[in-house]
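For the protein sequence lines, the chains are A and B, in the order given.
What the first sequence shows, in this note's numbering, is residues 4 to 210, in sequence order.
What the second sequence shows, in this note's numbering, is residues -2 to 391, in sequence order.
Quick caveat, the hints were computed from the structure, so don't treat them as lab data.
Just so you know, these numbers come straight off a predicted model, no measurement behind them.
Ideal placement from N, C-alpha and C gives every residue a C-beta, glycine not left out.
Hints should not be assumed to be uniformly reliable.
Unchecked claim - A few chain A positions that, by computed beta-carbon distances, are all more than 10 Å from chain B: (1) LYS40; (2) ARG92; (3) LYS100; (4) GLN101; (5) TYR105; (6) ASN179.
Unchecked claim - Far from chain A, by Cβ distances over 10 Å, these chain B residues were calculated: (7) ASP50; (8) MET51; (9) TYR187; (10) SER189; (11) GLY213; (12) LEU277.
Claimed, not checked - Listed next, the in silico SDA-like pairs over lysine to any residue satisfying Cα-Cα at most 20 Å (straight line): (13) LYS99/B - PHE89/B; (14) LYS202/A - GLN120/B; (15) LYS195/B - PHE185/B; (16) LYS202/A - GLY200/B; (17) LYS195/B - TRP129/A; (18) LYS99/B - GLY200/B; (19) LYS202/A - ILE160/B; (20) LYS99/B - ALA164/B; (21) LYS195/B - LYS10/A; (22) LYS202/A - ALA164/B; (23) LYS87/B - LEU201/B; (24) LYS195/B - PHE172/A; (25) LYS202/A - GLY123/B; (26) LYS385/B - TRP367/B; (27) LYS195/B - ALA174/A; (28) LYS127/A - ALA174/A; (29) LYS99/B - PHE238/B; (30) LYS10/A - GLY125/A; (31) LYS195/B - TYR176/A; (32) LYS195/B - MET177/A; (33) LYS202/A - PHE89/B; (34) LYS330/B - ILE346/B; (35) LYS99/B - ASN79/B; (36) LYS202/A - GLY166/B; (37) LYS9/B - MET170/B; (38) LYS99/B - GLY175/A; (39) LYS100/A - ALA34/A; (40) LYS195/B - GLY180/A.
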Amino acid sequence: MSSKNLKLFTTPFNLQNPVTVQVLGICSALAVTVKLKPAIVMGLSVTIVTAFSNLIISYMRDYIPPRIRIIVQLVVVAALVILVDQILRAFVYDVSKQLSVYVGLIITNCIIMGRLEAYAMGNKPWPSFVDGLGNGAGYAMILIIIGFTRELLGSGSLLGHHVVPNAFFQAGYMNNGMMIMPPMALIVVGLIIWIQRSKNPELIESK
Amino acid sequence: MKGLRNYLDKIKPNFSKGGKFEKLHSFYDAIDTLLFVPNKVTSSGSHIRDAIDMKRTMFLVVIALIPALLFGMWNVGYQHFNMLGLYADKTFWEVFAFGLIKVLPIVVVSYATGLTIEIIFAQYRGHDVPEGFFVTGMLIPLILPVSIPLWMVVLATTFAVIIGVEAFGGAGMNIFNPALLARAFLFFAYPSQMSGDKVWVAGLPTAEGVVDGFSGATPLAHIAQNELPKMASFSDMFYGFIPGSIGETSTFAILIGALLLIWTGIGSWKIMLSGVLGALSLGALLQWIGHGNPEITNAYFHIPAYYHLVLGGFAFGIVFMATDPVSASQTEKGKWIYGFLIGVFAVLIRAFNPAYPEGVMLAILLLNAWASLIDHYVIEANIKKRLKRIKIKV
């Protein structure tokens, strides 16, 4: 991977993070992060869809009439989402149940359309693929941080295994019921944004 | 006193720029201005000066809270010994001392946590330690049940100060009342410690020798379960001989504080009065519908409207929380609307939401969020009115 492509892959992790900087895909980030496992699966699904839709649209970019490009992009994304949905149902049925409509709603995830419009429509297939991979992974990273925090503090477990020792509970510790509710997911996202911006002054808009 | 002043002056160079403890200068400043009147003078231009500054204001609110706090301490002891059937054998001071020992740690933990975080943020952002927490630190213990574990107080205070105040830019910028935010956090995070029949009386879950028939339920719980005959009498609820959060039970003690707030002009009487009117009007409507309709089983249709004023946290909320000058409406007309809606929503949640026996906290937080919206429309309406006046003249 050339240094240019590497940069394409890594900027979405910090300075161009789709969730914390561009504030896209927030809805699913709040909805599927009660437990860590659905968060990981959701992150992976979005990464795969973003990467491959970028790749396919980039191959097609010279043949798509500009006036109907959105509908063409949607067809590609929808086909990939249905594929992902079927695979999830076949192999991890319980997670697919937990994610419910949010897998189908990947079609409307702004990150995917955003990358198609902003990058894949004007760049070669391989860099487009890397760009999609990076943005998907940036999204997945945030989801995993939120899912980790919420499952650990809200249910005292990680990936379904109890990790908070019983001695804690006997000493009076309790799981935080607020962590299971969507408002707390928003607050966790806010805290991540707060920490990220205070570490990267270039993200703070000038007044 | 003079020795203390001299000592503070002596160590001051250590805390100013270039000194040994430069990083702790706002901590020094906080202690200095708490002990002595700040000696800053206006150096340019003309300013209107008043003897009452931020610290005096906050101090007066804390004084207004003292009756509720003292009564709360006594009531903690009273409820405890009443549960064991031992109250008749105890002297006043024994009862009070029991409550003092139970309540004081919560107050200390609340102040220690909040001030530590405030000082850290003050250092980090390079401003002085704000005075706001002086009141918040006292409000938080007063609206919690006495059996609350101390680590939860730490967590809730941390949440309130960081998410409720510092995230919005510090004291004076917050849109929600921080103390209520701390309570709401605990209410949703640890419902088993914040509601039910077991938490309002110190030592109830593990006590032995509890008197037969003692339940520990608050009057609100009795109403919510439609057990009106079990409910305490109006005078008991007014004077506060009932289980409940530490400072909220005695409407009488709160009224003393309210008088001080109104007399000094710190708390808005408009918000308090309109809140009472709001609760009374919806309460009276419910009573009117319920009168002569025994098939309505909801007990809120069968209690007099003025009961709402002494039940639960209404008096405490409307006097000390709703009047918070930062999170309330600023316009005079807006204050009437704001207070009235708090009263209405508090009764609405009590009567129609079985999940929440008490609605005052949620009503005030909701109206905190709406306060600036109310202000906006009040101002717009005023602008429109005055524009009309111009047009007529032309």
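Compute the least Cβ-Cβ separation between ASP50/B and chain A, then decide whether it is above 10 Å. 29 Å, holds
Hint consistency between LYS195/B and MET177/A [alpha-carbon to alpha-carbon, up to 20 Å]: With a Cα-Cα distance of about 17 Å, the restraint between LYS195/B and MET177/A holds, given a limit of 20 Å.
Do the alpha carbons of LYS87/B and LEU201/B lie within 20 Å of each other, as the hint requires? 18 Å, holds
Below or equal to 20 Å on CA atoms is what counts here, so check LYS195/B against GLY180/A. Distance of about 19 Å is within 20 Å: holds.
Could you grab the alpha-carbon distance between LYS10/A and GLY125/A and see if it respects the 20 Å cut-off? 18 Å, holds
Given hint ILE160/B paired with LYS202/A - CA-CA distance at most 20 Å: Holds, at about 18 Å.
Against chain B, does TYR105/A hold up as non-interface, every C-beta pair farther apart than 10 Å? 23 Å, holds
Is LYS202/A close enough to GLY200/B, meaning Cα to Cα at most 20 Å? It is violated: about 47 Å lies between the C-alpha atoms, which goes past 20 Å.
LYS202/A and GLY123/B: Cα distance at most 20 Å? 17 Å, holds
Beyond 10 Å from every chain B Cβ - status for LYS100/A: 26 Å, holds
Beyond 10 Å on every Cβ pair: is that true for ASN179/A relative to chain B? At about 5 Å from chain B, ASN179/A fails to clear the 10 Å cut-off, so the statement is violated.
Consistency of the no-contact label for TYR187/B, given chain A and a CB cut of 10 Å: Violated, because the least Cβ-Cβ distance between TYR187/B and chain A comes to about 6 Å, which does not exceed 10 Å.
Of the numbered hints listed earlier, those contradicted by the structure are 6, 9, 10, 16, 17, 20, 21, 26, 28, 33, 34, 37.
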